[in-house]
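Top to bottom, those sequences are chains A and B.
Residue 82 is where the first sequence starts when you use this note's numbering, and the numbers rise one by one after that.
Residue 7 is where the second sequence starts when you use this note's numbering, and the numbers rise one by one after that.
Keep in mind the hints are simulated off the structure, nothing from the lab.
Some hints here could point you the wrong way.
[Unchecked claim] Capping the alpha-carbon separation at 30 Å, the derived lysine-lysine pairs in DSSO-like fashion look like this:
hint, chain 1, residue 1, chain 2, residue 2
1, A, K367, A, K271
2, A, K320, A, K445
3, A, K478, A, K438
4, A, K149, B, K112
5, B, K153, A, K547
6, B, K153, B, K19
7, B, K158, B, K112
8, A, K148, B, K158
9, A, K734, A, K116
10, A, K642, A, K552
11, A, K547, B, K158
12, A, K148, B, K153
13, A, K396, A, K386
14, A, K775, A, K734
15, A, K547, B, K112
16, A, K396, A, K368
17, A, K445, A, K547
18, A, K367, A, K116
Since we're looking at a predicted model, the values are computed, not measured.
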Amino acid sequence: MKASNSLWQKELAGKTPEALAREIDIYETEIALRKQGKVEERLFAETRLRRGVYGQRYDNGQRHDGKKVQEMAYPSGTLTKGPSTMWDAPGMQRIKIPAGGLNADQLETLAELAEEYSDGIAHVTTRQDFQLHYVHIEDTPTIMRRLAAAHITTREACGNSVRNVTACPYAGVCADEVFDVTPYARALSKFLLGHPDCQNFGRKFKPSFSGCGQHACGLASMHDLGLIARERSENGERKIGFEMHVGGGLGAVPYQAKLFDSFIPPEELLPLAQAIARVFARLGEKKNRSRARIKFLIQDLGIEKFRELVLEERKTLPPDPRWTEYIESATAAFEAPLKPAGKAPLSGSAEFQRWLKTNIRPQKQAGYAVVTIALPLGDITADQLRALADIARQFTKETMRTTVEQNIVLRWISQDDLAAVWQALRAAGLADPSAETILDIVTCPGTDTCKLGISSSRGLAAELRKRLAEKNAQLDEAVQHLHIKISGCFNSCGQHHVSDLGFYGVSRKMAGYAVPHFQVVLGGEWNNNGGSYGMPVMAVPSKHIPEVVTRLVDRYSTGRKNGEAFKDFIKRMGKAELKNLLEDLARPPADPADRTIFTDWGDPREYSLEDMGVGECAGEVVSAIDFDLADAEREVFEAQVALENGQADRAGKLAYQAMVRAARGLVKLEDPNISQDSDQVIGEFRTRFYDTQKFFDPFAGGKFAHYLFAAQQRSQQPHTADSARYLIDEAHLFVEAAHSCYQRMGKPVAV
Amino acid sequence: MQLQHVNFKLLVKSPEEVPLEPLIPVFHSWIQGQVLEELLLDVADYRHVPAGPGVVLIGHQANYSVDDTDDRLGVRYNRKAEVDGGNQNALRQAMRASLIACQRLKAEPSLAGKLQFNGHEIEFFVNDRLLAPNRDSTREALHSDFKAFFTKLFRGSEYALAYPGASEPRKLFGVSVKSSRTFTPEELLANLDG
């Protein structure tokens with residue numbers, strides 16, 4: 082859509098890491114092939130998802146306008162970017178931020194992208210990512226290039242892949258941590274990114290790190306792979322390591338992660354994660370997406386059997402220097418302050434004092450503090466991002482992190498600078514004194530932009546914020562520290578299970594009409610890494626939820642016993658009493674003319690789910706060989722383009738590379754450890770597919786395999802236009818034969 | 007320099023009295039009727055963000071919003087799709103769309119006439135940093151285009167161009183235009199066509 086898209090590649094040449102630049106070029110070619118109908122939509126969908134390019138509500142081309150379902154007349158007509166996903170429909174770009182770490186340049190890049198390609202807003206997610214909404218698919222390669230120039234990747238931000246590796250945003254500065262988990266989180270993120278053992282999952286896989294067991298910041302108990310920093314003494318020597326948990330997750334039915342090992346040394350972190358990935362890829366469910374997360378595999382096998390399989394797999398892994406090469410530098414401090422340590426301010430306005438109370442956390446390094454910038458609904462404008470970049474440069478060495486509560490923290494603020502930082506944040510509209518209070522509501526996108534949203538989680542959050550802010554000063558101190566978390570559906574992206582007051586969107590019929598509701602989930606535990614899950618109480622129409630909150634906080638204010646935590650109070654009240662308290666709110670209004678409940682918060686349309694699309698959260702289950710063959714096809718296409726541009730030698734080499742890639746895809750079905758070396762690939766291909774005649778065409782026999790063998794023989798020779806042309810034709814036939822071979826073999830053996 | 011992705015923001019009268027909440031049903035009704043020339047898709051509500059995009063009507067070829075960026079409330083048109091026909095045409099197309107949106111908002115019963123163009127202050131941006139970097143050379147390259155366009159738009163009146171964002175190269179290239187007298191959207195539309 083942007084007129085400058087074609088210019089950015091040249092503009093950023095040499096400014097982006099080579100590997101990232103190449104990946105983005107490939108993606109751009111895939112877009113071109115999809116537009117020509119040369120890549121099928123299912124495969125293209127997973128391709129873009131694995132680059133963080135996600136669908137958005139109404140991208141099926143239908144939108145209920147409050148009266149009827151409108152067909153959206155997009156200019157590209159019936160062209161799709163996935164099953165039931167229209168090409169021109171706006172989508173979402175997710176941007177991975179490993180461990181939430183950001184610098185000022187990266188904030189400025191995000192600001193530019195939010196303005197130029199989205200609607201001026203960047204959104205922080207509950208997994209420390211950023212998201213841009215209302216993005217056109219054809220702008221996404223440029224977005225990726227500009228991010229890559231700022232050393233940010235979107236790769237595997239969505240799809241059936243290893244998602245962003247999250248970590249406690251206070252790692253390195255928290256007084257309660259065992260040690261700084263940041264270097265380990267970054268190492269795991271780098272190691273698993275694009276790792277061949279992570280390309281054949283049935284669903285996504287989310288790792289998380291926490292520096293301690295007691296706080297919530299890392300939420301290790303609700304992740305597929307949760308790692309908690311631990312230490313122990315061996316022969317009088319302090320050893321650090323990780324308590325490793327597997328198989329946690331929220332979703333419709335939350336699972337607490339199981340303890341895999343109470344202490345693994347750092348040198349085993351990456352190989353064990355790799356072994357877990359292999360077991361998950363090999364044995365995890367592929368067809369039934371609702372049971373494809375690793376938590377179901379562990380439930381089916383039992384943690385003991387799962388552990389046994391992983392440890393067996395661990396023994397088979399070929400050694401990899403990356404497992405340990407980062408460790409020596411991991412224990413060195415890699416963040417430093419810009420300013421000398423200071424003293425906490427003792428005076429200032431009431432507003433400043435309130436901000437100090439809610440948004441400041443002392444660091445373990447005396448004289449420094451972490452400042453939390455509370456972002457309403459996780460949203461920040463382009464101007465605010467630039468202002469924050471300036472503040473980060475002025476007061477710190479650009480030490481910032483995003484948080485799982487959709488905020489941003491500035492670390493290493495000298496306590497002498499707190500007043501000046503507050504003034505600067507206030508000028509940018511970023512000094513909201515509400516961090517980690519009842520006003521700091523966490524919410525997923527819900528029906529605003531998510532294809533799966535059932536109720537308006539953001540609309541509800543905005544309404545609750547408004548109402549609670551009006552009476553915040555009068556709220557009991559214990560109430561002020563309650564957490565509210567809202568999901569638009571049962572998939573729990575808003576983390577409602579681990580909240581004092583949690584809500585998730587459901588739909589109910591009343592008087593023959595669909596009515597947006599929220600299921601009320603009470604008494605979940607945020608601390609102890611999301612230590613226990615809340616109790617579902619009842620579903621209440623969306624428009625009555627503010628009254629639910631009022632009644633619950635009032636009852637808690639007046640009815641709690643000495644220092645009783647909300648979760649204990651809820652447990653003591655019990656479901657029956659809670660139902661009594663809220664039951665009337667679940668009913669429709671007495672006056673049948675009152676239509677209030679038939680609309681949702683922030684959306685005046687009469688509620689309907691008739692236009693809902695199919696979610697892409699799980700992506701499409703596409704096996705590794707599908708990708709290999711698609712890559713081979715792309716390379717044949719690129720070879721053709723090179724030949725047309727007079728680059729005969731490059732064209733010939735690309736054609737040969739395509740054949741090797743297709744052969745390797747087949748070999749990988751039997752040997753997941755096959756190397757990248759083309760001679761070894763062809764040797765294995767000959768043994769496994771040619772000598773056994775598996776590759777033989779029913780009519781042509783081994784003819785197409787001979788093309789590969791011949792190409793290998795002359796692979797060191799330069800190509801003329803003629804030889805390249807012949808080889809491109811042969812490569813095309815070879816890739817087709819590989820497709821046929823794969824189909825004859827039936828469904829793949831999971832790698 | 008070829009202009010694309012032109013944005014105009016027409017500042018409103020008495021911004022402190024403009025209610026933003028009623029805009030949400032108004033924009034939804036515009037989608038219902040597909041009342042503008044662009045394909046209208048969705049409504050995004052950012053009232054909770056200070057000095058932000060306000061309430062945005064998302065379209066395929068362009069977004070419309072009542073935008074509060076820089077604490078200056080205005081009706082904004084953000085052209086996303088390319089426009090053929092040269093710079094004057096790109097400016098004319100975006101200005102016409104902005105003015106039509108202002109007319110419609112003024113006439114919306116639920117807004118009770120509270121959302122009106124102030125008649126004399128317009129901001130212009132190019133929402134593409136590569137095509138129009140925020141620097142002197144862009145200003146120089148576009149000077150004659152601005153002169154031709156705004157002289158026609160504010161026919162019979164003096165006007166002044168300012169570059170308030172010139173000292174901040176990270177911001178979008180922008181121009182602030184102020185006429186010496188006020189105009190109605192209808193007058194400006196007539197001038198555009200004249």
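Results for each hint:
Simply put, K367 of chain A and K271 of chain A have alpha-carbon atoms about 25 Å apart, close enough for the 30 Å limit, and the pair holds. Distance restraint check for K320 of chain A and K445 of chain A: the Cα-Cα separation of roughly 21 Å lies within the 30 Å cut-off, and the hinted pair is therefore satisfied. Between the alpha carbons of K478 of chain A and K438 of chain A the distance comes to roughly 24 Å, so the proposed pair stays at or under 30 Å and holds. Restraint check for K149 of chain A and K112 of chain B: the C-alpha separation of about 27 Å stays at or below 30 Å, so the hint holds.
Straight-line distance between C-alpha atoms of K153 of chain B and K547 of chain A comes to about 46 Å, which puts the hinted pair past the 30 Å bound. Proposed proximity of K153 of chain B and K19 of chain B is supported: the alpha carbons are some 25 Å apart, at most 30 Å. With a C-alpha separation of about 24 Å, the suggested pairing of K158 of chain B with K112 of chain B holds against the 30 Å cut-off. Between K148 of chain A and K158 of chain B, the direct Cα distance comes to roughly 43 Å. Violation of the 30 Å bound is thereby established for this hinted pair.
For the hint pairing K734 of chain A with K116 of chain A, the CA-to-CA distance comes to about 26 Å; that is within 30 Å, so the pair holds. Restraint check: the Cα-Cα separation between K642 of chain A and K552 of chain A comes to about 23 Å, which is no more than 30 Å; the hinted pair holds. For the suggested pair K547 of chain A and K158 of chain B, the alpha carbons sit about 46 Å apart, so the restraint of at most 30 Å is broken. About 46 Å separates the Cα atoms of K148 of chain A and K153 of chain B, which puts this hinted pair outside 30 Å; it is violated.
Taken as a hint, the K396 of chain A and K386 of chain A pair is honoured in the structure, with Cα atoms around 16 Å apart against an allowance of 30 Å. A distance of roughly 26 Å separates the Cα atoms of K775 of chain A and K734 of chain A; the hinted pair therefore holds under the 30 Å criterion. Straight-line distance between C-alpha atoms of K547 of chain A and K112 of chain B comes to about 28 Å, which keeps the hinted pair within the 30 Å bound. Between K396 of chain A and K368 of chain A the CA atoms are separated by roughly 29 Å; this keeps the pair inside 30 Å, and the hint holds.
Distance check on the hinted pair: K445 of chain A and K547 of chain A sit about 35 Å apart at the alpha-carbon level, beyond 30 Å; violated. A C-alpha spacing of about 28 Å is found between K367 of chain A and K116 of chain A, which places the hinted pair at or below 30 Å, so the restraint holds.
In the structure shown, a violation is registered for the earlier hints numbered 5, 8, 11, 12, 17, in ascending order.
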